[in-house]
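Produce the complete structure using the sequences and hints provided.
First residue of the sequence shown: 831, per my numbering; consecutive thereafter.
Hint data in this document are derived by calculation from the structure and do not stem from the laboratory. Check before you lean on any hint, since a few could be wrong.
With beta-carbon atoms standing in for the labels, derived distance ranges [what the hints assert, rightly or not]:
hint, residue 1, residue 2, range
1, Asp902, Ser869, 29 to 35 angstroms
2, Arg935, Gly866, 15 to 21 angstroms
3, Asp912, Glu861, 33 to 39 angstroms
4, Arg899, His930, 34 to 40 angstroms
All residues carry an ideal CB built from backbone N, CA and C; glycine is no exception.
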Amino acid sequence: MVVYVPDGGPAVPQVCRAEDLSALSVRAAAESPRWGLLSRALGAAGAGEVAGDHVWLDVSWLRSAAGDRDQDWHDGFTRMLDHAARQGWVSADGGRVRAHVEWGR
Numbered sequence: 831m832v833v834y835v836p837d838g839g840p841a842v843p844q845v846c847r848a849e850d851l852s853a854l855s856v857r858a859a860a861e862s863p864r865w866g867l868l869s870r871a872l873g874a875a876g877a878g879e880v881a882g883d884h885v886w887l888d889v890s891w892l893r894s895a896a897g898d899r900d901q902d903w904h905d906g907f908t909r910m911l912d913h914a915a916r917q918g919w920v921s922a923d924g925g926r927v928r929a930h931v932e933w934g935r
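Dropping the structure here:
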């Protein structure tokens with residue numbers, strides 16, 4: 831699963847490759863790190879927040895932005911979060927999951 835954030839214009843985050851629950855990342859289209867733009871885009875969408883050199887994504891936003899999915903997908907998403915929790919990548923309240931950021935198109 832990839833959260834894509836376009837560069838410039840209304841940088842509205844969107845979920846791409848939602849069916850791939852083997853990994854989670856944020857793909858920012860800017861060729862070089864533009865943390866301020868990324869932070870504003872994620873915050874305005876309610877998608878998450880920048881923390882250092884990674885992002886905390888809102889789990890509810892991810893589910894919603896992934897679109898209409900069947901129960902198998904939701905079960906897989908929960909397994910992905912369980913794996914992330916075992917790695918320490920889920921917030922204490924379970925509402926956010928950590929993702930790394932990749933820069934460039």
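Check: Is it true that the C-beta distance of Arg899 to His930 lies inside 34 to 40 angstroms, as the hint says?
Finding: Violated - the Cβ-Cβ distance for Arg899 and His930, about 23 angstroms, lies outside 34 to 40 angstroms.
Notebook entry, point to check: Is 15 to 21 angstroms a correct range for the gap between the Cβ atoms of Arg935 and Gly866?
Noted result: holds (19 angstroms)
Margin query: Does the beta carbon distance between Asp902 and Ser869 stay inside 29 to 35 angstroms, or does it fall outside?
Written below: Because 34 angstroms falls inside the window, the suggested range holds.
Item checked: Outcome for the supplied range 33 to 39 angstroms, where the beta carbon pair is Asp912 and Glu861 -> holds (35 angstroms)
The structure does not agree with numbered hint 4 stated previously, though it agrees with all others.
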